[in-house]
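Work the whole structure out from these sequences, hints included.
So the chains spell out like this:
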Amino acid sequence: MMSWLVRLWNILRPGRLERELDRELSFHLLERADELQANGMSREEALRTAGIQLGNYRLYRERTRDMDIQQWLEGALRNLRHAGRALAKAPGFTATVIVTLALGIGSNSAVFSAIYAVVLRPLPYPQSDRLVTLEQFNPKARQPVIAPVRLADWNRLNTTFQAMTGYYTQDSSELSGELPERLTQAFVSRRFLEVWGVAPALGRDFSPAEEHFGAHGVVLISDRYWRRRFNSDQNVVGKRLRFAQLSATIIGVMPASFQPVRNVDLWSPSPDDAPFAQNRELTWYTGVGRLKPGVTLEQAQANLNAVQAALAREYPRPDAQISPVVKSLKESTVGDARTSLWILFGSVSLLLLIACTNVAALLLSRAAARQQEISVRFSLGASRTSVAAHLLSEVLILAIAGAVLGLGVAAAAAKVFHTLAGNLPRVEEITLDWRIAVYSLGCAVAVALACGLLPVIRGTRENLTGSFRNNRTTVSNGNRLRFTLVGVQVALAVTLLAGASLLIRSLQQLGQVSPGFDPEHILTFQMSTSWAETGDFKASMARVDRILDGLRGVPGVENATVDVGLPGVPSDYQVELKTDQGRAETEPKILAQGRAVSPGYFTTLKVPLIAGEMCRDQATVRQMMVNHAFANAYFAASSPIGRHLSQPGNIYVPASEVTGIVGDAREMGLDKEPVPTIYWCTYPFQPGTRFLARTHGDPALMSETFRRKLHDIDPARSVFDMKPLTEQISDAFAENRLRTILLSFFAGAAILLASVGLYGSLSYSVHLRRREVGLRLALGALRLRIVRQFVSQGLVVSSLGCIAGLILAIAVKRFLAGMLYGVSATDPTTLASVAVLVLAVSFLASVLPAIRAARLEPMRVLRED
Amino acid sequence: MGARKNDILQGTLVLLVLETLAGGGPMHGYAITSHIHHMSDQMLRVEEGSLYPALHRMQQAGWLRAEWRKTEKNREARFYSITPKGRKQLQVEQESWLRLTEGVARVMRAVASLELR
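Line by line, the protein sequences give chains A and B. Each residue of the first sequence is one higher than the one before, starting from 1 at the first, in the numbering used here. Each residue of the second sequence is one higher than the one before, starting from 1001 at the first, in the numbering used here.
Be aware that one or more of the hints could be misleading.
What the hints assert, rightly or not - When the alpha-carbon atoms are kept at most 25 Å apart in a straight line, the in silico SDA-like pairs for lysine to any residue are as follows: (1) K415(A) to A732(A); (2) K1070(B) to N39(A); (3) K672(A) to E428(A); (4) K1070(B) to A38(A); (5) K1073(B) to G51(A); (6) K589(A) to N632(A).
To be verified - Some chain A residues near chain B, calculated using beta-carbon distances under 8 Å: (7) R19; (8) F27; (9) L36.
Said to hold, decoys possible - Residues from chain B shown here face chain A by an in silico Cβ test under 7 Å; the list is partial: (10) P1026; (11) G1029; (12) Y1030; (13) R1075.
FYI, nobody ran anything at the bench for these hints, they're computed from the structure. Even for Gly, the Cβ is constructed at its ideal location relative to N, Cα and C.
Encoded structure:
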C-alpha cells in the first residue's frame, strides 16, 4: 500500500526523485575522491577516477527509476512474456486448462447473453419501464381483452397515465406470390405510437382524420415487410397496398426494432367511433398504457380502480362486474421465461465453478512441480509479490485465452437458443455484443483470481519447509487439497446431473401420459380470416363447412374438424354456466372450460362417447357435449343429458342442449389433469381457429396436397402454421425442452470435467508415490493390490462427493419444483441412478492411473532419485 | 568497467546492507560500501549502480529509513538506518541465505564426488 503511494508521488513529482539521487551520488563522488586523494592522487585526478568508477549518472538514474509506474508496467509485461513462454513449454497442460475454461466461460457467457437480452435489458422502447399492460377482469368470462368504449373511458378519466391504447390482430393474405402468404395485420386504437414512444422511420403517424369510422384506409408497414416486399424502396410512402379484399395507402415504415406484437407487418387504425364499437359488452382490445413519469404500478392500479368504480355506478351492467388489471409490460412479456433462464444460469455457474476447481487442481500440481524453481527465485531475493505476480500472470493468460475461445462457444450458443426456443420471448434480441465480451473478460479475471490464488498462496509460502530438501515431504498435504477439490467437483456435477435427470424424467413422463385423445396422424393449420367477416355468421359457418367437406374428400384423409384452440396445447377459457332448471344458492357455481368445436371433433380426435349421443351436423337445436368430469362434478345424482345450459353475459352463445357425455381429455395441456369441460357444437370461424384433419399416413407428408386443395377451395386465403398436432404440442413445451437439453449438456460437461479432475489427481498421486509403489512391488506386493488401493482412493473421493452432491440436490429442490411433472424432486430412483452413473464414471477415471501404477518397473523407479 | 570478479550475487546485496546497518548506527551509501569492502577483507565490492537503487527499494519496502544530515566534513549526505521491519526481513534473508549455501554446498559435494570417480 505504502509503496503504491510512493509510486503515485513519484509520478506526480518526477523531478524530486532525480534531484535527491543527484545529490546523493555527488556526495558519493566527493567521498570517493577524498579517499583517493588521501592515497596520494592529485585532487583533479582523484575526482576524475571517482567519476569513471561511478560511471554515468544517467545510467544510474535509469536504473533507479524502478519506482516509476512505467517500470512497473514493464515488469508486468515481462511477467506476461515469461508466463507465455513457460506455458508454451507445457502444451498439454496449457491446452487442457484453456479448453476447460473455454467450456466454462463460454457456456456461462452464452446463458448470460440470453439472460441479458431477455430479462435484464429494458424493452426496446423509450422509458420502457413506464409501459404497462391493461386488462379487464370479468370473473364470468375470462377474457383479458377490453371493450373499446371502456378503454376510451379509462383513458379519459384517469390521472396517472400519459396515454392508453389497444390493438387486436388478424391474419390476412399477401397475394403477390404463387400461393397466398400469411400477412399479419394489427388494428390499433388511438395514441398507439404515442404510448410506445416510437415514430415511423419513414413517413408519418396516423392523422386524427384517419382514425375516424369510414375514413380512407391507411397503413404503416413493418421494416421486415418493407424490405421483403418493397426492396427497401425510399419512395414507398404514398403507394397503394392491396391485400386480400382490402387496399390501403402506405403512410410510413416502422423502425426495425419496433416489434411490440410478433409477426405483425401492417398497422392500421381501428376507429373507436365505429357503431359496432359502442357496446360495453363487446371486448377486443389488448390494452397497453404508458404511465406518467414517477407513477408506480400500485398508484396506477388504485387510480384505475377508482375510475372503474365510477363507471360501475354509471353503467351497472356490465361494468359493476369488471375490474381493471395493470401489469408491467416487461414482466408480462418475459415473466415466465425468467425462472427457466435463471435456473440455466445457476447451473452454468456451477459448471464454471467446476471448471475453476479443475483448473485450480491442475495449477496446484504445476506449482508443486515447480517448487524448486520458486525456491531458487526466493533465495535470489525475489519478493513474494513478484513470484505471486509471475504465477498469476500465467493464470491470467490462460483465463483470457479461455474467454476468447469461450466467446466462440457463446456465439454458437446464441444460434442454439434461436433454434431450440423459437417462442422464447425476445429470443430474436439474443446476440453477442460488446457487453457479452466484457462479461466474458470479467469472468476470465474472476476465474484467474479464483483458480490462481490458492496455488499461488501455497506456492509462495515464505517459510518453505526445506525448499532444497527433497520435496516429498510436502506432497501429502498438497494432495489432500487436490482431492478435496476433486470431491467438490464431483459434488457439483452430481447436483447438476440430478437436476438434468429429473427434467428428463419429467419429459418422459409427459410423453407417456395418456391424453384421452389421439394426437397422432393429425395435421393442423390455420387460414386467414378477418374479424369483419365474423359479423356474417351464416356465411362464415358455410365457409368452414365447405373447407371441412373439401378436406374430407382428399384421399388419405379420414376426418376433419375445427377447434378454437389446439387440444393438448395449454389454454384457459373458463366460463360460468346456468341451467334452465336453475340451481339453489347453496350449490356450487358451474364452472367449466369451454371449447367451441365442430361436430366431427370427437370422432376426429378419437374422444370416446360415454353416454347419450354425439351432437349432429346441421342440428336445428343448439347442441352441446360435456365431458365425464363435468357430469361427475355437477350432475352426479342426475344426468346432464337433455339439460339446457347457457352462459350469462355471453351474447354470442345462446342456451344449448346437452346431448351426450364424452371421455375426459387433457386438452388444456398434457401436464394438467382433465377438468370439467363443455363443448359447444358449432362451426367456430373467428381468427385463430384451428383446422384438424386425421390422415391415414404421416400427416407431415400431406402438407402440399392440403395447400393445393385449400387453394382450390378458397384462393384468396393464406394457409399457415401447418404442422402435425404432435409437433404443435411439443412446441408448446419448447421451454421445457430447451432447459432439459441445455441442463443435460451442462451436466454432461460437468461429469466430464470432474472425471478429468479425478483422473489427473490420481495420475499425479501415482507419480508422486512411484517410489513407494516401486518399493512395494520390489518387496513382492501383488499388482492387483496396488490397483485396488488407487481405485478405492478414487472411489472414496467420488463417493464422498456424490453424497455431498445428493444432499445439495435435495437442498435446492425447490428451484425445480414447478418444472417437474410426474416425478418428485427427491425421486429415489432418479437420484440413485445418478449416483450409480457417477460412481461408474469415476471408476473408469480411477482404473487407468491405478493400472499404470501397477505396471511400474520397480528397478527403474528406485534408481530414478 | 574492467573485470567483475567479486561482484555481489544479486539478492545478497539486501542481506549485506541490512546486516551492515543492523550492526551500527545510521550510515550513508558511501560508508556502507566501504564497510562491506573492509569487512569482507577487500573481497566484496559493492557496485554503486546496484547500491543506490537497492537502497531506494529497501526504503520503499519499509526496511530502511533515510534522512539528510551533515557529515563531520560538513557535507550533506543521506543517512540510512534499519527499521524494525528491516530487522525482521534480515532474519528472513539470513535463513534464505543459509538454505542457499546449504543447497549449493550439496551440489558442490555432488560435483566433487562425481569428479573423484
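Cross-check of the supplied hints:
Between K415(A) and A732(A) the CA atoms are separated by roughly 20 Å; this keeps the pair inside 25 Å, and the hint holds. As the CA atoms of K1070(B) and N39(A) are separated by approximately 24 Å, the hinted pair is consistent with the 25 Å bound. For the proposed pair K672(A) and E428(A), the alpha carbon gap of about 30 Å is over 25 Å, so the pair is violated. Note on K1070(B) and A38(A): the hinted pairing holds, with a Cα-Cα distance of about 21 Å set against a maximum of 25 Å.
Annotation: proposed proximity of K1073(B) to G51(A) holds, straight-line Cα distance about 20 Å (limit 25 Å). Of the pairs offered as hints, the one joining K589(A) and N632(A) holds, with about 14 Å between alpha carbons and a cut-off of 25 Å not exceeded. The interface hint given for R19(A) is violated, since its Cβ lies 12 Å from the closest Cβ of chain B, which is over the 8 Å cut-off. Evaluation of the F27(A) hint against chain B yields a held restraint, the C-beta minimum of about 5 Å falling below 8 Å.
Among the interface hints, the one on L36(A) is violated; its C-beta lies about 12 Å from the nearest C-beta in chain B, farther than the 8 Å criterion. A distance limit of 7 Å between C-beta atoms decides the matter here; for P1026(B) the minimum to chain A is near 14 Å, and the interface restraint is violated. A least Cβ separation of about 6 Å between G1029(B) and chain A falls short of the 7 Å threshold, and the interface hint therefore holds. Residue-level restraint check for Y1030(B) holds (minimum Cβ-Cβ distance to chain A is 4 Å; threshold 7 Å).
With its C-beta approaching chain A no nearer than about 6 Å, R1075(B) sits inside the 7 Å limit, and its interface hint holds.
Going down the numbered hints, you'll see the structure goes against 3, 7, 9 and 10, while the others check out.
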